[in-house]
Amino acid sequence: MDIVPEIIRENIINLINKKERADGRALYEFRKMFIETGVITKAEGSARVKLGNTQLLVGIKPQIGEPFPDTPNMGIIITNSELLPMASPTFEPGPPDERSIELSRVVDRCIRESNMLNLEKLCIVESSSVWLLFIDLHIIDYDGNLFDAAVLATVAALRDTKLPTAKIEEDEIILDYENPQPLPLEDMALMCTFAKIGDQMILDPSLDEEEILTARLSIGMRPDGTICAMQKGGEGSLTKDDILKAIDITKRRIPQLMEELDKTIPQTR
Amino acid sequence: MIIITPDEFKRVSQATREDGRAPDEIRPLKIEAGILERADGSSYLELGDNKILAAVYGPREAQIKRLQRPDRAVIRCRYNMAPFSVKERKRPGPDRRSVEISKITAEALRPALILERFPRSVIDVFIEVLEAEGGTRCAGITAASVALADAGMPMKDMVVACAAGKVNGRIVLDLSEEEDKRGEADMPVAILPRKKEITLLQSDGNLTQEEFKEALDLAIKGCLKINKIQKEALKKKYGE
Numbered sequence: 001m002d003i004v005p006e007i008i009r010e011n012i013i014n015l016i017n018k019k020e021r022a023d024g025r026a027l028y029e030f031r032k033m034f035i036e037t038g039v040i041t042k043a044e045g046s047a048r049v050k051l052g053n054t055q056l057l058v059g060i061k062p063q064i065g066e067p068f069p070d071t072p073n074m075g076i077i078i079t080n081s082e083l084l085p086m087a088s089p090t091f092e093p094g095p096p097d098e099r100s101i102e103l104s105r106v107v108d109r110c111i112r113e114s115n116m117l118n119l120e121k122l123c124i125v126e127s128s129s130v131w132l133l134f135i136d137l138h139i140i141d142y143d144g145n146l147f148d149a150a151v152l153a154t155v156a157a158l159r160d161t162k163l164p165t166a167k168i169e170e171d172e173i174i175l176d177y178e179n180p181q182p183l184p185l186e187d188m189a190l191m192c193t194f195a196k197i198g199d200q201m202i203l204d205p206s207l208d209e210e211e212i213l214t215a216r217l218s219i220g221m222r223p224d225g226t227i228c229a230m231q232k233g234g235e236g237s238l239t240k241d242d243i244l245k246a247i248d249i250t251k252r253r254i255p256q257l258m259e260e261l262d263k264t265i266p267q268t269r
Numbered sequence: 270m271i272i273i274t275p276d277e278f279k280r281v282s283q284a285t286r287e288d289g290r291a292p293d294e295i296r297p298l299k300i301e302a303g304i305l306e307r308a309d310g311s312s313y314l315e316l317g318d319n320k321i322l323a324a325v326y327g328p329r330e331a332q333i334k335r336l337q338r339p340d341r342a343v344i345r346c347r348y349n350m351a352p353f354s355v356k357e358r359k360r361p362g363p364d365r366r367s368v369e370i371s372k373i374t375a376e377a378l379r380p381a382l383i384l385e386r387f388p389r390s391v392i393d394v395f396i397e398v399l400e401a402e403g404g405t406r407c408a409g410i411t412a413a414s415v416a417l418a419d420a421g422m423p424m425k426d427m428v429v430a431c432a433a434g435k436v437n438g439r440i441v442l443d444l445s446e447e448e449d450k451r452g453e454a455d456m457p458v459a460i461l462p463r464k465k466e467i468t469l470l471q472s473d474g475n476l477t478q479e480e481f482k483e484a485l486d487l488a489i490k491g492c493l494k495i496n497k498i499q500k501e502a503l504k505k506k507y508g509e
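The listed protein sequences correspond, in order, to chains L and E.
Residue numbers for the first sequence follow the working numbering, so the first one is 1 and each next one is one higher.
Residue numbers for the second sequence follow the working numbering, so the first one is 270 and each next one is one higher.
Hints in this document: simulated from the structure, not taken from any laboratory.
Since we're looking at a predicted model, the values are computed, not measured.
Ideal placement from N, C-alpha and C gives every residue a C-beta, glycine not left out.
Everything hinted at is true.
Derived CB-CB ranges, DEER-like: (1) Lys-18(L) with Lys-299(E): 42 to 48 Å; (2) Arg-252(L) with Lys-450(E): 51 to 57 Å; (3) Glu-330(E) with Ser-237(L): 34 to 40 Å; (4) Lys-299(E) with Lys-263(L): 23 to 29 Å; (5) Glu-453(E) with Pro-255(L): 55 to 61 Å; (6) Arg-329(E) with Gly-198(L): 29 to 35 Å; (7) Pro-423(E) with Asp-262(L): 43 to 49 Å; (8) Gln-332(E) with Phe-34(L): 29 to 35 Å; (9) Arg-451(E) with Asn-179(L): 27 to 33 Å.
In silico BS3-like cross-links for lysine-lysine, where the CA-CA straight-line distance does not exceed 27 Å: (10) Lys-506(E) with Lys-50(L); (11) Lys-372(E) with Lys-500(E); (12) Lys-162(L) with Lys-356(E); (13) Lys-50(L) with Lys-356(E); (14) Lys-506(E) with Lys-490(E); (15) Lys-359(E) with Lys-50(L).
Taking the hints into account, I'd like the entire structure generated from these sequences.
This is the structure:
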């Protein structure tokens, strides 16, 4: 936990009650975004995202493995995150703590439940060989709202990902690296996170805002408005109106996030 | 059984190195200082396809009491490879190799730092290998030194590292991943460039005494070249 001095806390709350924010943003405005893909040559897909001063990298690595017995014809996605100690003085080296695990699970849920990735198409041989996609979130600079930045980076990295084509000849899997194919992606879901401070809900909380929020709400939504993932956090509570308001704003913000994704700068590889 | 279609069998030519470099040529190098917001000091380095991020926190209070020294600060280093930095995904977390590299990196940086100024505190150096292509420990030390300077640490000199080694019977500078794998010897060296004092020396493979001397001289030559680029990165950030 970072400690926010009392005077800053009061300042942020007073401003928000007047519908203003310390960094001059409107209540439902994202910080400036920057998305770049193909940043890691050795990864099959990668992206770097900056949301304000929050910065992270996502790398996608495939492996061939066995499917889960209850889904023999589906590929597997595995999401991991590392809150690197370089990203914040409050992050410690060591195995993932609860914040890190919550982040990777929420990102995983948003990707998985949106069905943007057709896992059946990642099956190579039913019951024996499927693609395992490792999604590794590498947090390098932490200035609040990792959820939205991480989902954005993951979607950008998945869009950048190319897998070698797998053919089966005489019971052997042959991988063709010469003709890599993009992932079978359908409608993409993205995420909007809100913080409740005072009586207001604000979008994309900065670190200072995150430290003083009473409750947090993240909403994963597909472009058609379907909600595919939600997560409430923080020690305080939300009213039904808060939640409905947040859903309404998310619906209006998703097209903006999609636009940012389309502006992505692909690095030449 | 998984078969991989061959596209990686390249012929090694005798005249030049596989990537066309001269024996005493380093890979293209780029260093930027101060690229992270939260860290007290940071740097980003690209050496060929290596991509390395270094960050420094401190001097700050040593959380662990037994680390504290009453007369000086201690330096701690954590070298870490991103899971996506290598061809086969690396499991997150420290392995024996990264623990060793962390230790020797801290020891390579230590002689440059004036730690006596900050009793009872700790300086944390974090090195993240985002993409690895041979020579990451040296690149990590070079980047960490720039990050320390960016953090405003009082230093006697920069620390700069470069490897030399033996590939196809020849002594060459700054081995690539392929050369390291196929070569006969790899020898990472770190120096304080002003007095040319050596703060890191490892060697892996067979060298005659003459070859060792040649490799050491070559590594120092490489370090001096890299040191210029380190200084340029800092000048670019802070002016002359």
